[in-house]
Amino acid sequence: MANYIGSSLKRKEDRRFITGKGTYTDDIVLPNMTYAYIVRSPHAHARIKAIHADKALAHPGVVAVFTGKDLQDDGVNPLPTGWQITDSMIEPPHPVVAVDRVRYVGNPVAVVIANSRAAAKDAAELVEVDYEILPAVVDATRAIEKGAPTVHDEAPDNISFTWELGDKAATDDALSKAAHITRLEIVNQRLIPNAMEPRSAIGDYHPARDELTLYTSSQNPHLIRLLMCAFVLGIPEHKVRVVSPDVGGGFGSKIFHYPEEVIVSWASRKLGRPVKWTAERSESFLTDAHGRDHYTVAEMGIDKDGTILALRVNTIANLGAYLSTFAGGIPTWLYGTLLAGQYKYPHIYVQTKGVFTHTTPVDAYRGAGRPEATFVVERLMDTAARELGMDPAELRRKNFIPADAFPYETPVVLTYDSGNYEASLEKAMQIIDYQKWRDEQAKARNQGRLIGIGLSCYIEACGIAPSKVAGAIGVRAGLYEGASIRVHPTGQVTVYTGSHSHGQGHETTFAQIVADGLGVSPENVEVVHGDTAQIPFGMGTYGSRSLAVGGSAIWRAVEKIREKAKKIAAHKLEASEDDIVFEDGKWVVKGTDRALTLGEIALTAYVPHDYPEGLEPGLEENSFYDPANFTFPFGTHIAVVEIDPDTGKVQILRYVAVDDVGNVINPMIVDGQVHGGLAQGIGQALWEGAVYDENGQLLTGSMMDYAIPKADDLPHFEVDRTVTPCPHNPLGVKGAGETGTIASTVCIVNAVVDAVSHLGIKDIPMPLTPERVWRAIHGK
Amino acid sequence: MGHTIKVTVNGVTHEATVEPRMLLVQFLREVLMLTGTHIGCDTSQCGACTVLVDGVATKSCTMFAVQADGREITTIEGLAANGDLHPLQKAFWEEHGLQCGFCTPGVIISSYDFLKRNPNPTEEEIRHALEGNYCRCTGYQNIVKAVKKAAQSM
Numbered sequence: 001m002a003n004y005i006g007s008s009l010k011r012k013e014d015r016r017f018i019t020g021k022g023t024y025t026d027d028i029v030l031p032n033m034t035y036a037y038i039v040r041s042p043h044a045h046a047r048i049k050a051i052h053a054d055k056a057l058a059h060p061g062v063v064a065v066f067t068g069k070d071l072q073d074d075g076v077n078p079l080p081t082g083w084q085i086t087d088s089m090i091e092p093p094h095p096v097v098a099v100d101r102v103r104y105v106g107n108p109v110a111v112v113i114a115n116s117r118a119a120a121k122d123a124a125e126l127v128e129v130d131y132e133i134l135p136a137v138v139d140a141t142r143a144i145e146k147g148a149p150t151v152h153d154e155a156p157d158n159i160s161f162t163w164e165l166g167d168k169a170a171t172d173d174a175l176s177k178a179a180h181i182t183r184l185e186i187v188n189q190r191l192i193p194n195a196m197e198p199r200s201a202i203g204d205y206h207p208a209r210d211e212l213t214l215y216t217s218s219q220n221p222h223l224i225r226l227l228m229c230a231f232v233l234g235i236p237e238h239k240v241r242v243v244s245p246d247v248g249g250g251f252g253s254k255i256f257h258y259p260e261e262v263i264v265s266w267a268s269r270k271l272g273r274p275v276k277w278t279a280e281r282s283e284s285f286l287t288d289a290h291g292r293d294h295y296t297v298a299e300m301g302i303d304k305d306g307t308i309l310a311l312r313v314n315t316i317a318n319l320g321a322y323l324s325t326f327a328g329g330i331p332t333w334l335y336g337t338l339l340a341g342q343y344k345y346p347h348i349y350v351q352t353k354g355v356f357t358h359t360t361p362v363d364a365y366r367g368a369g370r371p372e373a374t375f376v377v378e379r380l381m382d383t384a385a386r387e388l389g390m391d392p393a394e395l396r397r398k399n400f401i402p403a404d405a406f407p408y409e410t411p412v413v414l415t416y417d418s419g420n421y422e423a424s425l426e427k428a429m430q431i432i433d434y435q436k437w438r439d440e441q442a443k444a445r446n447q448g449r450l451i452g453i454g455l456s457c458y459i460e461a462c463g464i465a466p467s468k469v470a471g472a473i474g475v476r477a478g479l480y481e482g483a484s485i486r487v488h489p490t491g492q493v494t495v496y497t498g499s500h501s502h503g504q505g506h507e508t509t510f511a512q513i514v515a516d517g518l519g520v521s522p523e524n525v526e527v528v529h530g531d532t533a534q535i536p537f538g539m540g541t542y543g544s545r546s547l548a549v550g551g552s553a554i555w556r557a558v559e560k561i562r563e564k565a566k567k568i569a570a571h572k573l574e575a576s577e578d579d580i581v582f583e584d585g586k587w588v589v590k591g592t593d594r595a596l597t598l599g600e601i602a603l604t605a606y607v608p609h610d611y612p613e614g615l616e617p618g619l620e621e622n623s624f625y626d627p628a629n630f631t632f633p634f635g636t637h638i639a640v641v642e643i644d645p646d647t648g649k650v651q652i653l654r655y656v657a658v659d660d661v662g663n664v665i666n667p668m669i670v671d672g673q674v675h676g677g678l679a680q681g682i683g684q685a686l687w688e689g690a691v692y693d694e695n696g697q698l699l700t701g702s703m704m705d706y707a708i709p710k711a712d713d714l715p716h717f718e719v720d721r722t723v724t725p726c727p728h729n730p731l732g733v734k735g736a737g738e739t740g741t742i743a744s745t746v747c748i749v750n751a752v753v754d755a756v757s758h759l760g761i762k763d764i765p766m767p768l769t770p771e772r773v774w775r776a777i778h779g780k
Numbered sequence: 001m002g003h004t005i006k007v008t009v010n011g012v013t014h015e016a017t018v019e020p021r022m023l024l025v026q027f028l029r030e031v032l033m034l035t036g037t038h039i040g041c042d043t044s045q046c047g048a049c050t051v052l053v054d055g056v057a058t059k060s061c062t063m064f065a066v067q068a069d070g071r072e073i074t075t076i077e078g079l080a081a082n083g084d085l086h087p088l089q090k091a092f093w094e095e096h097g098l099q100c101g102f103c104t105p106g107v108i109i110s111s112y113d114f115l116k117r118n119p120n121p122t123e124e125e126i127r128h129a130l131e132g133n134y135c136r137c138t139g140y141q142n143i144v145k146a147v148k149k150a151a152q153s154m
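Protein sequences, first through last, are from chains A and B. If you read the first sequence in this note's numbering, its first letter stands for residue 1, the second for the next number, and so on. If you read the second sequence in this note's numbering, its first letter stands for residue 1, the second for the next number, and so on.
Everything labelled a hint here was simulated from the structure, so no lab data went into it. There could be a bad hint or two in this list.
Unchecked claim - Taking CB as the label site, the calculated pair distances span:
hint, chain 1, residue 1, chain 2, residue 2, range
1, A, Glu164, B, Glu19, 55 to 63 Å
2, A, Arg15, B, Gln152, 45 to 53 Å
3, B, Glu19, A, Leu57, 16 to 24 Å
Cβ atoms here follow ideal geometry from the backbone N, Cα and C, with glycine treated the same way.
Required output: the full structure, derived from the provided sequences and hints.
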């Protein structure tokens, strides 16, 4: 029997994508469909004095024009947020469509629905909105100053919450006694996710059946259904089906419950016709939740011999105009808890202020809090090493949590499951030939060339768990995953998973697990996801949770199928249940050649003529898996860069990533996840960044102005692994979707600063564009 | 105010009356229901809408449907001959040159045009040739490998 786990099986889902037969939401056309176009605020902050829709309504093909007041009068509630950070967190209402005030450019103001996209767009230009423009604030550090414009009356100082973690007194004390303090001021700039498929949603209401189907480009259809039914529309969940078909990338931006999902659902119920909305790219820029946007002051206290004593971090996090679904959790629990990194320093204190501004809401973007934490820790490590005159690898090695210390409890509430940090550092240094590059760097400097070597030793926490802990830290949801496995009478298998694939290849990876688990070929395993009418209640895909949580749920269901199959096999083979073992993909009577395959057992289960007394027919099992802990992938990345002193352009000469994501099911897919993560992380380091002007206009509002990495911007990545299995889930897996992003941003910045440090440069703010690097080198 | 156009798409000639402002990509997706060609950006950066117009890779969001009158278009749906995958499609599958699949049709079509002009490219040339196609999933590494592999088998 083939061992599919661990093999680079080609993806089962690819045939439809390479032949143009994928089904993304905008590809769906329903009979009698209408099209919604959303009138959005051109101002960052304004009072809506009046909306005149008469001309738009009179436009040919227009079916309806709705304003925020129409939705409000019909009982549509504001959008909820799903993470309560402190008891006193201020949660101002987030209307689906603005009613009296707009708070960011792009805020929905009215909806035009017409028989064609073109008619809806034409008519939208005829909607006249009278605004009284009000002063805006876009920078979070400015927003908390006295006299700054107020975003919400409920939060006069613009602060939603002040959150802290760790022992402040002990940390202050340790810092006051430290021989050396390394201090950095860090701007982790705002990013715009830019999944290639713009968001899209179709509401399809059938009045006679009183049933609504919402097609939406989401990473978690059940979460959308729950939030929309229970909080926003107040309609029964069993009458609503949410389908997220093929989804063209998410990176976090498609986790959240967005206004447009409510708009098309509500409008379809009003009109009795399907309503489709698809974002234009400029709408994606303005309305997909943004990522990052932290201002941080971090101080690390270090002893004479390089032993790190304490870390103190103060962060101001820009939340944008409203609290998006998981907004509060990102700069707090997913950030502060990761500030121990791979190190054993005993004292950490972190404080985060969550601040409202007149900008697009900010929420999880690939890595979500963990890249920001890694940036703080690893920038400090490199800077401290330089200040102490130590090699940066040596300083890290000296402070690593040793391999025999796991499970390891950090000062910021996490218990790391397993790790071997020394091993990944060693491997990365060996692959890149670290000492050779240090020698090369010294030689280059003598010739006026600028070569830099950057390290990043990161920790990640995947699959927030268990649900009890999620509840204790304010997540208004459980964080388990559901799976069900249906074995058909002829032995083929359908797997229904609560995880959602939008590029991750679940249809293949999950099939490999089930194939090995039940002794069938992956071709005979179909994985169904993304449709609430088919799958068990699922929490969806984000935070690198699919394999560790969703895959484990599938494995639990496999075990239940095996148990029942064993009973059937024992009966058919006239053996004791204790003598039946699962070997080479078959149920075998121990020590004999008598065996049954899954197909033979399944047929017996569905045609139970000769069957164990009291056993139910059929072969189908459900499982809900609530993990015991997070999983903690880790690794070391090393980059070598060369800077052109005349232009400031950074060229990446080598990039080595050694990741440890526990056991690997499909190495090809894991490598692919790492590559993509690296591209996004390097994108932040070198090119990407949202820029607003002081009035709240997004200056980087198109792909012409916001620099997404292109093929010839990026190097060939050298990707390798160590394997330290997760001890607490049945597959021993950790999670691979975000490691690349978490590690690479700071790795590149460290390399660039290393290249110019001998010129007296301590830091350069991201993105490290040629202009910024050139200015740093030339002191301009 | 409609214009009648005659366009051959994937070997089949279609006659249709379209508004002058209708983009070629809208014509393909909304009139012919060939939804394999995607719209990713509206500003001609991303390349998700790339098709062949008379054999030349063209961003179909930069061209009006009426400009396609009398011309031959090939979309991703027309690349596989008699159900056999084109070497590029095979190579993208084998080398894991796609993840979410949204940019993939455009990338494959651009690569098709490129390999015709440069049948034996270096990695650097491939990366340069794909400048007009954004992919947010793969970091391009396996796309480059796939194009190289396809070049060897074409």
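Output the indices of the hints that this structure fails to meet, ascending.
Hint 2 alone not satisfied by this model.
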